[in-house]
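Heads up: the protein sequence lines correspond to chains A and B, in order. In terms of this note's numbering, the first sequence is residues 96 to 520. In terms of this note's numbering, the second sequence is residues 410 to 570.
If you're looking for bench data, these hints aren't it; they were derived computationally from the structure. As the structure is a prediction and not an experimental result, all values here were calculated from the model. Please note that the accuracy of each hint is not assured.
[Stated by the list, open to error] In silico DSS-like pairs for lysine-lysine, Cα to Cα no more than 30 Å straight-line:
1. A:K129 to A:K298
2. A:K280 to B:K486
3. A:K143 to A:K286
4. A:K279 to A:K298
5. A:K166 to A:K286
6. A:K372 to A:K457
7. B:K555 to A:K372
8. A:K298 to A:K143
9. A:K372 to A:K500
10. A:K317 to A:K143
11. A:K329 to A:K129
12. B:K560 to A:K279
13. A:K166 to A:K129
14. A:K462 to B:K555
15. A:K457 to B:K514
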Amino acid sequence: MIAETILLKARMGNTDSHTLASARAAGAYRASAKTLAAAPEEIVQLVKDSGLRGRGGAGFPTGLKWTFLPKNRDATYLCVNADESEPGTFKDRLILEEDPHLLIEGIVIACRAIRCAHAYLYIRGEFCLPHERIRAAADEAYAAGLLGPNAGGPGQAIDLTIHRGAGAYICGEETALLNSIEGKKGQPRMKPPFPTNVGLFGKPTVINNVETLANLPFIVEKGPDAYRAIGTEKSPGTRLMSVSGHVERPGVYEVAHGVPMRGLIEDLAGGVRGGRKLKALIPGGSSTPVLTAEEAYAVNVDFESVQAAGSMLGSGGCIVMDETTDMVWALDKLAHFYAHESCGQCTPCREGSGWIAEIVRKIATGKGTRADLEKLESLAAQIVGNTICVFSDALAMPVVSHVTKFRAEFEAHLADRASSSSAAP
Amino acid sequence: MTHSMTRWSAARTEEIEALRRRYPTDHALLLPVLWIAQRDFGWISHDVMELVAETCRTSPAHVYSLATFYTMFELEKPIRYHIQVCNNLSCSLCGSEGILAHIEKRLGIRAGEATADGRFRLTAVECLASCGTGPAMQVNDAYYEKLTLEKVDALLEEWMK
Ligand SMILES: Cc1cc2nc3c(=O)[nH]c(=O)nc-3n(C[C@H](O)[C@H](O)[C@H](O)COP(=O)(O)O)c2cc1C
Chain A
96 MIAETILLKA RMGNTDSHTL ASARAAGAYR ASAKTLAAAP EEIVQLVKDS GLRGRGGAGF
156 PTGLKWTFLP KNRDATYLCV NADESEPGTF KDRLILEEDP HLLIEGIVIA CRAIRCAHAY
216 LYIRGEFCLP HERIRAAADE AYAAGLLGPN AGGPGQAIDL TIHRGAGAYI CGEETALLNS
276 IEGKKGQPRM KPPFPTNVGL FGKPTVINNV ETLANLPFIV EKGPDAYRAI GTEKSPGTRL
336 MSVSGHVERP GVYEVAHGVP MRGLIEDLAG GVRGGRKLKA LIPGGSSTPV LTAEEAYAVN
396 VDFESVQAAG SMLGSGGCIV MDETTDMVWA LDKLAHFYAH ESCGQCTPCR EGSGWIAEIV
456 RKIATGKGTR ADLEKLESLA AQIVGNTICV FSDALAMPVV SHVTKFRAEF EAHLADRASS
516 SSAAP
Chain B
410 MTHSMTRWSA ARTEEIEALR RRYPTDHALL LPVLWIAQRD FGWISHDVME LVAETCRTSP
470 AHVYSLATFY TMFELEKPIR YHIQVCNNLS CSLCGSEGIL AHIEKRLGIR AGEATADGRF
530 RLTAVECLAS CGTGPAMQVN DAYYEKLTLE KVDALLEEWM K
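Same shape as in the complex, but just chain A:
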């Protein structure tokens, strides 16, 4: 039996856990207060030593990202990525709704570390309650002097501006997010230059995910060693896993990195619904390659184990599919999503995503041919690497993995499938 390891969820679950009074009574802002006496370089070192890796999808080491900022700079921005739009992922929402002060404390710590006087929090437009909660929390923090003109020490401002998106998955991609804040269409930028050099309003900028920042108070308060005592060597700390689909108890579970995926599904999420068998599992949000049941039960919940199995832990959005699931139908849902969300900037993605969705729909409705299936695979292969951002990879990975691992199901849907002996004349 595995159990949750509670680090980020510690204060959640009470009806008033989102208020400053409640959060403070349970220890909020102790860690950020501690950083006021520390030099920015010390905080960066602490975070580097902790081994914290980004929770937005790529798992990039947070402390290392911060050191990419140029030494001499006149302004630095922090952008908090609260766009949470990767299908299957709903953990940042939990933090925003239930413990927004944990996030604001993390933002204050990050601002101190990278010498940022103004953070922008980009929240997806659909998030009404989370938006209300984070705004109210920011107002409370301003009133208490935890944000504002002296929040980083006498005369050192830390401002937080909450910027609401308006319905576009691509704005979760970090450079699209920057363009969106600047009042442009949310279309990704070419890299290099990287945002740490030329970011928001042309200034050096760090972009971090909500959950990433929410780890900072623990790291500062308890130290990197205590943090590294949880999880694995390459994936320290805990992970908020969003579990959805065919399980008895869907929800956000906080586990130490390295626990078996089987434990997460069976012990915490109550197992596959109705006592059925697992067929497939998407481990890290809809963009990550699907795993077969066998693969899924062999991996652990950490970056390196899921990667060794040919997928990614990504955003921790775990979508569970039982034995009754039609995998062509499942891919149809995803392909439709990517075709809808392509920002339209790069031709291979704009056209390719539409073609892919059309072909999958054709196969799903029994009208596809063998040639269509081949075209699907070749399209997926051709869009990868030929676009400005990795949205095309995010589309190609589910397509390739579904078709490769569940080929028989795709073939069984084809109109020109090899007729079996029992087929009607």
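Given the coordinates of chain A, assemble chain B with the ligand onto it according to the supplied hints.
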């Protein structure tokens, strides 16, 4: 020079000026001001686009490009109840297709359409980050989760009154 016939209220002007101080460019005010406009005027008409353009010191054409790129801005007179049912994978695994079909039947329209009396519009939308509480839908600003046919019927009954 102003072209728009629509005006901000005094309180709104103050709110916008306070926001302006939070951004180094007027351009960056565009999304926040579009949201304010939608709240105040109900939808983003061409006239409202001109007002937003003046406020953010940009062209109406640019405002138009944003209002159409981002899906949450209403470009037509809003409908009383905009029912948006999540159509993505996790909700579908939990039966959202049945929920959508049921609402279509109850309202006598297909997803993407509005009722003749202009009270309801039904849309199939992408992931709302409610995967753990699916099937889910958003109606105007509120989320409704763990939907069942009975729950949907009770809500529709209430809204049809
Ligand atoms: C298409 C696409 C969508 C993304 N969506 C999100 C998102 O919704 N939230 C998020 O935090 N990161 C998202 N990312 C990852 C960000 O680009 C970026 O890597 C991340 O915010 C960095 O923060 P971290 O280092 O703390 O993980 C997305 C990336 C891509 C390519």
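Verification of the hints:
1. For the hint linking A:K129 to A:K298, the alpha-carbon distance of about 28 Å falls within 30 Å, and the restraint holds.
2. Restraint check: the Cα-Cα separation between A:K280 and B:K486 comes to about 23 Å, which is no more than 30 Å; the hinted pair holds.
3. Annotation: proposed proximity of A:K143 to A:K286 holds, straight-line Cα distance about 24 Å (limit 30 Å).
4. Note on A:K279 and A:K298: the hinted pairing holds, with a Cα-Cα distance of about 17 Å set against a maximum of 30 Å.
5. A C-alpha spacing of about 20 Å is found between A:K166 and A:K286, which places the hinted pair at or below 30 Å, so the restraint holds.
6. Of the pairs offered as hints, the one joining A:K372 and A:K457 holds, with about 28 Å between alpha carbons and a cut-off of 30 Å not exceeded.
7. The straight-line distance between the Cα atoms of B:K555 and A:K372 is roughly 23 Å, inside the 30 Å bound, and the hint therefore holds.
8. Distance check on the hinted pair: A:K298 and A:K143 sit about 23 Å apart at the alpha-carbon level, within 30 Å; holds.
9. The hinted pair formed by A:K372 and A:K500 meets the criterion: a straight-line CA distance of about 17 Å does not exceed 30 Å.
10. Between A:K317 and A:K143, the direct Cα distance comes to roughly 14 Å. Compliance with the 30 Å bound is thereby established for this hinted pair.
11. Simply put, A:K329 and A:K129 have alpha-carbon atoms about 27 Å apart, close enough for the 30 Å limit, and the pair holds.
12. A distance of roughly 40 Å separates the Cα atoms of B:K560 and A:K279; the hinted pair therefore is violated under the 30 Å criterion.
13. Only pairs whose Cα atoms come within 30 Å are accepted, and A:K166 paired with A:K129 is accepted, the gap being roughly 24 Å.
14. Proximity of A:K462 to B:K555 is assessed by CA-CA distance (about 34 Å); at most 30 Å being required, the pair is judged violated.
15. Under the criterion of a C-alpha separation no larger than 30 Å, the hint pairing A:K457 with B:K514 is consistent with the structure, at around 25 Å.
Going down the numbered hints, you'll see the structure goes against 12, 14, while the others check out.
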